[in-house]
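J.: Sequence:
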Amino acid sequence: MASTLWAVVVWLFLPIVAIRCSEFGGKSVVFYADNGFEQTIPFPLYRNRERQEFKSRILQLLGLHQPPRPLNHFKDESAPLFMMDLYRSMLHDDEEEDEETEEISPAYKYLFSSQGKSAGYKRPGLFDSAQADTIMSFIPHEDTKGIFVQEGMDHIGFDIGDIPPDSKLIGAELRLLLNNTATLPTGFLSVHVMDKDSENILPLRQIDSVPLTADSGPWLVLNITEAIETCMLNLMPRSNLWLQITDQNGERRPPKYYGITHSFGVGFFDAGNEHAHRRLKRDTGDNSADDDDPPPDSGYSLRANDPFRESTSYNRRGCQRRTLYVSFKDLGWEKWVIAPEGYAAYYCDGYCSFPLNNHMNATNHAIVQTLVHLMDPSRTPEPKCAPTELKQMKILFIDNSKNVVLRMYKDMQVRACGCQ
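According to mature numbering (1 follows the signal peptide of the UniProt record, and there is no 0), the sequence shown holds residues -21 to -1, 1 to 399 in order.
Take the hints with a grain of salt, since some may be wrong.
Distance condition first, Cα-Cα at most 25 Å in a straight line; then the derived BS3-like pairs of lysine-lysine [claimed, not checked]:
#1 Lys370 to Lys308
#2 Lys34 to Lys54
#3 Lys314 to Lys381
#4 Lys88 to Lys381
#5 Lys381 to Lys363
#6 Lys34 to Lys235
#7 Lys147 to Lys363
#8 Lys88 to Lys308
#9 Lys363 to Lys34
#10 Lys88 to Lys54
#11 Lys308 to Lys34
#12 Lys34 to Lys381
#13 Lys54 to Lys175
#14 Lys308 to Lys389
#15 Lys54 to Lys308
#16 Lys370 to Lys147
#17 Lys235 to Lys381
#18 Lys389 to Lys54
#19 Lys308 to Lys147
#20 Lys147 to Lys389
#21 Lys381 to Lys308
#22 Lys175 to Lys147
#23 Lys370 to Lys54
#24 Lys88 to Lys314
Cβ pair distances, simulated, as ranges [claimed, not checked]:
#25 Asn343 to Leu214: 16 to 24 Å
#26 Ile20 to His44: 26 to 34 Å
#27 Gly251 to Gly104: 16 to 24 Å
No wet-lab data here; the hints were simulated from the structure. Treat the numbers as computed from the prediction; the structure is a model and nothing was measured. Virtual Cβ for every residue (Gly too), placed ideally from N, Cα, C.
Using the sequences and the hints, build the whole thing.
T.: See below:
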């Protein structure tokens, strides 16, 4: 049975489709759908207000209030490369990986050409990514003004203000990527935080350490869960860490001394990404024409251009999955959405009349209901075509703090349809 979340996804599209869709006329395409003749065609939205409403609803579905500020390139590619590999790994782990797309925004194609640099991702981390529905990378903050300087240590600061509210932190890692020239001593790498009481700043306190050997690398991973959790509990928008390497002789030096120049944090969260369960407010205001209305003679026909309405063509087609696709590029989001290029939602449509063929994937109850309807149509309706299997959607994007975020949303894509 289709979930409540999928019902909201369909509800989101229905009122929009009923808005003046016609020939392109130079207007932007928003989504693509089955036209009833086994063809996928684009459906533009003419009114600016309705296009903005459509964007707003998709953002709400993704748990975002507004599109993040665009960013074309990263000064340090280690974090986005790590997140890209994580995204691709999750696609490959999907049982239906052939249906997934690895296409990414053209602005970030260069990440694929650089993927060899992040081969160290294969080294296991400290936390199981399968337990999280939101994974965020934290890029080091460049502003060090007013930051405590400790001799023999490197400072790293992360902006964490974009962590989803009410998220449950599963764990957080600090990852350091060794470059080709890094030569580590035998010893320990430690990470420290600064505690404060009501009046004083306390000395730096170690929260984790890892042993260093000649075989260490290419990733060094430390547990910084305590640091991120403290900032979340105290509503602090920034987490500050200090790193130090202590060799076997007790000499202490900053990691940069040994050539460790790439570092970033990774947070694993249970954010409850089911935002569509919250009621999305319908616009019940004036639907009168605005400056973007199509002309009266544009040839617009609601029935001819609405892919969700029943038609003679659909009545001859059995229940099956149909195309429904939203292009992030057409929404103008290609600069902050890294992957995929669009949202392949799909939907179910078609008749469930006797005889029910195998491809209709009918339940036993639907078969009985069809027979009863055949004998007495006034007593029971025909079964309905609906999703029988839904799958997760994954989206990789950049937030307002320039962190790369991977979010998973349950029951967002139709995998199979059937008569129920």
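J.: Are there hints from earlier that the structure breaks, and if so, what are their numbers?
T.: As far as the earlier hints go, 2, 5, 6, 7, 9, 13, 18, 19, 23, 25 are violated by this structure, in ascending order.
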